Amino acid sequence: MASTTPIDSPPAPPVARKRAGSSSGRVGDKVFLGLSRGSGILLLVIMASIAVFLTYRASLAISENDGNFFTTFDWNPAGDPPVFGIAVLLFGTVVSSIIAMAIAVPVAVGIALFISHYAPRKLAAPLAYVVDLLAAVPSIVYGIWGALVLVPYLEGLNLWLDQFFGWTYIFEKTEVGVARSLFTVGILLAIMILPIVTSVSREVFLQVPKMNEEAALALGATRWEVIRLSVLPFGRSGVISASMLGLGRALGETMAVATVLSPSFIISGHLLNPGGGTFAQNIAAKFDEANEFGRDALIASGLVLFVLTLLVNGAARMIIARRKEYSGANA
Amino acid sequence: MAKRIDVSGLSAYYGSHLAIEDISMTVEPRSVTAFIGPSGCGKSTFLRTLNRMHEVTPGGRVEGKVLLDDENLYGANVDPVTVRRTVGMVFQRPNPFPTMSIFDNVAAGLKLNGSYKKSQLPEIVEKSLRGANLWNEVKDRLNKPGSGLSGGQQQRLCIARAIAVEPDVLLMDEPCSALDPISTLAIEDLIGELKERFTIVIVTHNMQQAARVSDRTAFFNLAAVGKPGKLVEIDDTERIFSNPSVQATEDYISGRFG
Numbered sequence: 079m080a081s082t083t084p085i086d087s088p089p090a091p092p093v094a095r096k097r098a099g100s101s102s103g104r105v106g107d108k109v110f111l112g113l114s115r116g117s118g119i120l121l122l123v124i125m126a127s128i129a130v131f132l133t134y135r136a137s138l139a140i141s142e143n144d145g146n147f148f149t150t151f152d153w154n155p156a157g158d159p160p161v162f163g164i165a166v167l168l169f170g171t172v173v174s175s176i177i178a179m180a181i182a183v184p185v186a187v188g189i190a191l192f193i194s195h196y197a198p199r200k201l202a203a204p205l206a207y208v209v210d211l212l213a214a215v216p217s218i219v220y221g222i223w224g225a226l227v228l229v230p231y232l233e234g235l236n237l238w239l240d241q242f243f244g245w246t247y248i249f250e251k252t253e254v255g256v257a258r259s260l261f262t263v264g265i266l267l268a269i270m271i272l273p274i275v276t277s278v279s280r281e282v283f284l285q286v287p288k289m290n291e292e293a294a295l296a297l298g299a300t301r302w303e304v305i306r307l308s309v310l311p312f313g314r315s316g317v318i319s320a321s322m323l324g325l326g327r328a329l330g331e332t333m334a335v336a337t338v339l340s341p342s343f344i345i346s347g348h349l350l351n352p353g354g355g356t357f358a359q360n361i362a363a364k365f366d367e368a369n370e371f372g373r374d375a376l377i378a379s380g381l382v383l384f385v386l387t388l389l390v391n392g393a394a395r396m397i398i399a400r401r402k403e404y405s406g407a408n409a
Numbered sequence: 003m004a005k006r007i008d009v010s011g012l013s014a015y016y017g018s019h020l021a022i023e024d025i026s027m028t029v030e031p032r033s034v035t036a037f038i039g040p041s042g043c044g045k046s047t048f049l050r051t052l053n054r055m056h057e058v059t060p061g062g063r064v065e066g067k068v069l070l071d072d073e074n075l076y077g078a079n080v081d082p083v084t085v086r087r088t089v090g091m092v093f094q095r096p097n098p099f100p101t102m103s104i105f106d107n108v109a110a111g112l113k114l115n116g117s118y119k120k121s122q123l124p125e126i127v128e129k130s131l132r133g134a135n136l137w138n139e140v141k142d143r144l145n146k147p148g149s150g151l152s153g154g155q156q157q158r159l160c161i162a163r164a165i166a167v168e169p170d171v172l173l174m175d176e177p178c179s180a181l182d183p184i185s186t187l188a189i190e191d192l193i194g195e196l197k198e199r200f201t202i203v204i205v206t207h208n209m210q211q212a213a214r215v216s217d218r219t220a221f222f223n224l225a226a227v228g229k230p231g232k233l234v235e236i237d238d239t240e241r242i243f244s245n246p247s248v249q250a251t252e253d254y255i256s257g258r259f260g
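Here the protein sequences line up with chains A and B, keeping their order. Just so you know, we're using this note's numbering here: the first sequence kicks off at 79 and counts up by one. Just so you know, we're using this note's numbering here: the second sequence kicks off at 3 and counts up by one.
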């Protein structure tokens with residue numbers, strides 16, 4: 079702290095001053111700068127090399143593909159000629175993730191609001207802990223639970239949906255068989271992404287400035303109106319980020335889906351029918367048995383999942399940025 | 003409709019801690035009453051008991067009576083939400099709803115009440131913004147977010163929001179303490195105009211401000227840190243600042259403590 083030395087004190091010897099203050103600080107700065115810059119660059123290099131690797135291996139397979147990579151309803155890279163397409167996988171991945179989001183996000187926001195604004199303090203902390211605990215369950219355990227408990231349990235629900243909502247087409251069950259369907263996968267994924275969406279939303283709701291809530295209260299807002307006027311607008315972009323984190327997990331979830339789904343290469347709007355597939359599930363199911371070319375084909379499908387995830391994140395960022403002017407951040 | 007406030011034997015607690023003890027006073031309609039006193043004397047706490055905001059704080063509770071004309075705010079069947087719709091409040095730091103436009107901020111209270119016609123909204127919003135001396139500055143950007151205004155403008159926006167629902171009483175908790183002198187002057191002028199229509203109670207740390215804006219002044223004090231705050235005296239502002247009847251008031255006003 080050479081600079082804070084009073085002016086009238088005797089000047090310190092030059093060497094000692096160098097040691098004591100500025101010099102060591104500068105070395106620390108340089109080391110830290112190097113480390114942080116290095117890890118930043120490393121991250122870019124890793125991302126780029128993953129992209130290059132996926133693209134290269136994918137191009138090897140796609141150039142030999144006799145079917146259309148995007149529209150073919152088949153996966154037979156070992157055939158002669160090889161035929162494979164991702165249409166079924168794209169459909170299955172997107173549909174099961176949409177089902178998961180449609181179920182999980184409202185429930186998660188509800189739980190987060192309950193923990194942050196309704197529950198008595200004594201209840202809030204243990205409840206938050208239990209929800210977080212859901213995230214600690216390994217995905218294979220979810221898969222086994224899904225296959226052994228959820229699938230038989232959902233058969234009744236499926237019958238009911240078919241009977242009363244069969245006219246909506248998507249809930250019409252045209253094939254008999256257990257509920258190893260995209261709908262079941264969606265429900266399972268919803269349970270799996272619930273904790274991450276809940277805990278991020280909860281943190282955001284807890285950060286709402288007290289003065290924003292009091293503004294609503296003082297106008298004569300009820301508890302729900304306080305949430306509607308102050309908490310939800312402030313937490314909006316946080317909830318979107320939380321949902322995207324959850325969506326990322328749902329899109330890429332492998333083991334649980336592979337355990338529950340009974341895969342088939344068909345696209346059916348009847349979501350209760352067994353069958354369908356997702357990118358990750360398809361790769362997990364076929365990677366071991368595939369030959370070199372088959373693996374390249376699977377990698378090509380992995381590249382599409384990679385791009386899909388990037389697009390989802392980009393879209394989320396755009397939604398958040400567009401509302402920045404109105405966000406709570408510049409309050 | 004401005005109403006008279008009649009407080010008797012009011013004490014407020016945070017959990018088991020007694021924050022203010024046994025306060026009684028009367029506030030006349032269409033007047034400005036200023037609360038002054040050292041930090042921690044409970045003047046803000048007392049202000050927040052007048053619209054039942056105190057009990058929002060965890061552990062906060064109140065004993066005693068607050069009559070608004072003849073209705074006890076702490077009566078058994080009184081809903082605090084209804085109380086806050088008739089007793090408006092302006093806070094220390096401007097707190098417009100950051101996600102709402104200027105127009106929606108002013109209209110927020112009306113929409114909660116539900117007692118309006120959609121076609122009336124623009125008229126009421128304009129009237130409220132004019133009442134808060136803000137109309138000319140914002141009339142061309144009513145759809146822009148309220149958080150884009152300057153601090154002083156935001157505070158006048160909050161005042162417009164509070165008076166849009168035509169409350170009986172307007173409470174102000176150090177409304178100028180986060181503002182620059184020019185914005186402060188604008189708010190003080192505004193208070194002078196608003197007392198024609200409302201009963202106003204203002205907490206302030208600034209004694210010149212109390213002397214400038216108020217008709218009556220209440221001096222609060224506490225015996226020691228940790229002891230409950232009490233009302234020392236309330237009288238005409240002129241009298242409090244020239245010839246108070248309690249020595250402690252004179253000591254505080256002349257800067258001998260606090």
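Just so you know, not all the hints are guaranteed correct.
To be verified - Counterexamples of contact, computed for chain A against chain B with all Cβ distances above 12 Å:
1) Ile222
2) Gly244
3) Phe249
4) Asn290
5) Glu291
6) Ala293
7) Thr300
8) Glu303
9) Val304
10) Ser340
11) Glu370
12) Leu388
13) Leu389
As the list claims (entries may be wrong) - In the DSBU-like style, the derived pairs of lysine-lysine whose C-alpha atoms are separated by at most 30 Å in a straight line are:
14) B:Lys141 with B:Lys129
15) B:Lys232 with A:Lys288
16) A:Lys288 with B:Lys146
17) B:Lys129 with A:Lys288
18) A:Lys108 with B:Lys67
19) A:Lys288 with B:Lys197
20) B:Lys197 with B:Lys67
21) B:Lys197 with B:Lys119
22) B:Lys141 with B:Lys197
23) A:Lys288 with B:Lys67
24) A:Lys288 with B:Lys229
As the list claims (entries may be wrong) - Chain B regions said to be covered by chain A (calculated; three or more residues, Cβ under 8 Å):
25) 49–58
26) 91–100
27) 108–116
28) 157–170
29) 214–222
Derived by calculation from the structure, the hints in this document are not laboratory data. Note that the structure is a prediction, hence the values are computed from the model and not measured. Positions of the beta carbon are idealized from the N, C-alpha and C atoms, including for glycine.
Which numbered hints are broken by the structure, listed smallest first? 4, 5, 6, 7, 8, 9, 18 and 29
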